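Q: Build out the structure end to end from the sequences listed, making use of the hints.
Residues in the sequence shown are numbered consecutively from -10, following our numbering.
Incorrect hints may have been included.
[Said to hold, decoys possible] Quick list of in silico lysine-lysine cross-link-like pairs, DSS-like style, CA-CA up to 30 Å:
id	residue 1	residue 2
1	Lys110	Lys134
2	Lys104	Lys125
3	Lys110	Lys99
4	Lys97	Lys110
5	Lys73	Lys95
6	Lys104	Lys126
7	Lys16	Lys3
8	Lys133	Lys147
9	Lys(-1)	Lys16
10	Lys134	Lys145
11	Lys110	Lys126
12	Lys125	Lys110
13	Lys95	Lys126
[What the hints assert, rightly or not] Label pairs and their computed distance ranges (CB to CB):
id	residue 1	residue 2	range
14	Lys(-1)	Lys95	55 to 63 Å
15	Ala122	Gln96	31 to 39 Å
16	Glu143	Glu108	40 to 48 Å
17	Asp12	Asn63	29 to 37 Å
18	Arg19	Pro82	41 to 49 Å
19	Glu142	Lys99	50 to 58 Å
20	Ile93	Arg19	54 to 62 Å
To be clear, the hints were calculated from the coordinates, so they are not data collected in a lab.
The model shown is predicted, which means the values in this text are computed figures rather than measured ones.
For every residue, glycine included, the Cβ atom is placed at its ideal position computed from N, Cα and C.
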Amino acid sequence: MPRGGKKSHKGRGKQFTNPEEIDRQMKAQRELEENGGVEKEKETPTDSEEESSSDEESDSKRRSGVEGLIEIENPNRVSQKSKKVTEIDTTAPRELSRREREEIEKQKSKERYMKLHLEGKTDQARADLARLAIIKKQREDAAKKRDDLKKVEETKGKR
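A: Here you go:
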């Protein structure tokens, strides 16, 4: 026996509809569709109460619960509308997703930065140019020293 003791089934028992009842409902639905949504006139009842009760029954079959009192439209529900091939406009520009837009913006900003960098207008470009100027000056000074040393050696070698 299971630990919690005997567990009984909770809830109602299932109710099944008779096949005759299903056939009757299908016929009634077909008749409604054939008549354009208007029910066929039944034999005229002799009592006005019978007429009102039949109207109430048809209303209750169509709408149950709160639906009969309030018209409900879910604004969050998106209905899938299929388009025909002839209706699709292929010439219209396709909307980009957020990732695609961000990727394009990133590429454009990188190109803008490289253009400014090549023109020497960015901070990094200025720092690079200053570093290059210092290196050029050092190399020129080193070349002058070598030339001076060669001249000194030549003059010593001739003596």
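Q: Each of the hints needs a verdict: does it hold here or not?
A: Structure-based check of each hint:
{"no.": "1", "hint": "Lys110 to Lys134", "result": "35 Å, violated"}
{"no.": "2", "hint": "Lys104 to Lys125", "result": "24 Å, holds"}
{"no.": "3", "hint": "Lys110 to Lys99", "result": "14 Å, holds"}
{"no.": "4", "hint": "Lys97 to Lys110", "result": "17 Å, holds"}
{"no.": "5", "hint": "Lys73 to Lys95", "result": "37 Å, violated"}
{"no.": "6", "hint": "Lys104 to Lys126", "result": "27 Å, holds"}
{"no.": "7", "hint": "Lys16 to Lys3", "result": "25 Å, holds"}
{"no.": "8", "hint": "Lys133 to Lys147", "result": "21 Å, holds"}
{"no.": "9", "hint": "Lys(-1) to Lys16", "result": "36 Å, violated"}
{"no.": "10", "hint": "Lys134 to Lys145", "result": "16 Å, holds"}
{"no.": "11", "hint": "Lys110 to Lys126", "result": "22 Å, holds"}
{"no.": "12", "hint": "Lys125 to Lys110", "result": "21 Å, holds"}
{"no.": "13", "hint": "Lys95 to Lys126", "result": "38 Å, violated"}
{"no.": "14", "hint": "Lys(-1) to Lys95: 55 to 63 Å", "result": "58 Å, holds"}
{"no.": "15", "hint": "Ala122 to Gln96: 31 to 39 Å", "result": "32 Å, holds"}
{"no.": "16", "hint": "Glu143 to Glu108: 40 to 48 Å", "result": "46 Å, holds"}
{"no.": "17", "hint": "Asp12 to Asn63: 29 to 37 Å", "result": "33 Å, holds"}
{"no.": "18", "hint": "Arg19 to Pro82: 41 to 49 Å", "result": "47 Å, holds"}
{"no.": "19", "hint": "Glu142 to Lys99: 50 to 58 Å", "result": "53 Å, holds"}
{"no.": "20", "hint": "Ile93 to Arg19: 54 to 62 Å", "result": "56 Å, holds"}
Going down the numbered hints, you'll see the structure goes against 1, 5, 9 and 13, while the others check out.
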